[in-house]
Amino acid sequence: MTMEVIYFLLFWAAIGGAWYLGYKTRQKVSASSSSTSLPKDYLAGLNFLINEEPDKAVDALIKMLEIDSNTVETHLAVGNLFRRRGEFDRAIRIHQNLIARPNLNKNFRDKSLYELGQDYLSAGVLDRAERIFLQVLDIKTYSAKASKALLDIYQQEKEWENAIQMAYKLEFLKKQNMQPIIAHYFCELADVEFDKGNLHRGNNFLKQAFIADESCVRASILQSKALINTGDFTGSLKVLKRIKNQNLEYLSEAIDIIAKCYEAIGKPEEFLKYLSNVLKIHPNVTLAATLAKHMKRIRGNREAFDMITGFVKDNPSFKAFQLYIRLYLESASGKLQEDLEILQSLTNKLLLDKPDYQCNSCGFSAKTLNWLCPGCKQWSTMKPAVLDF
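Using the working numbering, the letters of the sequence shown correspond one by one to residues 1 to 389.
Worth double-checking, as some hints may not be accurate.
[Stated by the list, open to error] Here are the simulated EDC-like pairs of lysine to aspartate or glutamate, each with C-alpha atoms no more than 16 Å apart in a straight line: (1) K158 / D191; (2) K383 / E341; (3) K196 / D232; (4) K225 / E269; (5) K367 / D232; (6) K207 / E188; (7) K225 / D195; (8) K280 / D314; (9) K273 / E263; (10) K225 / E270; (11) K296 / D314; (12) K296 / E269; (13) K106 / D138; (14) K169 / D138; (15) K267 / D232.
If you're looking for bench data, these hints aren't it; they were derived computationally from the structure.
When you get a sec, could you build the whole thing from the sequences and use the hints?
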């Protein structure tokens, strides 16, 4: 017998004991009468579990409900256990059977309906889960939980307008600030419209994003790209410079666009000055690498190398050291070049499997930025990873 089955049997034994005590208490029998025995279907269910026949065990459990309506809590507990174990079909059968009982107490019916929605959601049957949670939405006890479940469904199905409406409802019910998340939903809608070439509709959605969250970096990046598409590099640059105050950690995501804008308006030296000032308050390897690349092109290799040398001394990290070696190699030769190539190979191997981004909530790591963390499903928690020595 597997440990999983043993744990399950212990769970049933505990339920059986509690049921038995409750059953005896309810019976008005004399001291001389014979003791009450456990229900036949309960014993049959245990026997099926011992023989690892869970489908027959579920059938036995359902038959118990017909004998005594006081076993509803038992059914709910076992149904939820099946769901946690990933046995969604069995959980669904139990909860459906509860709902089908004509005399079931309304509170139990409501709870069973909500749990059935959770069964379908866990099983990935989103259309059925959505229909059930829409019914549960009007039940005061489960309204907030149903709203959260529907929000998860709309995110998975990328139904962003429905997600926005549900986020507003959840904000009202739980008194929780949903505006930063709503801003992301408007950004998703804007992104779709920009891909279709609908600049006007896309910009309108971005306006709504900024109304929801004026510090939304993603909206600023999208707006800057839209302005570039119309040839407005000055306007794009103005928008991107807001990121410094919105969330400095994400400035590295926009730095190449900023460099492009400065180049387009013919002010490359101003870009070097701007980025040098940013690095003083936010030492970031991506920003340093960008500065070195443009400094080398504008002012020459020596100045770029001196800048990186100072940066590595003040902010030691594997990525900074890798950048230092790369620049040093460009002017090295002979034995020094060979040694540097060995060091470069070693640092490349060290960083090969290291993430570029990491969620500061669940630790999920990735090579590309996801505004919605694939691990914990939270927005704006993925940040550029810091790899110190």
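* Which numbered conditions among the earlier hints are violated in the structure presented, ordered from lowest to highest? -> 2, 3, 4, 5, 10 and 11
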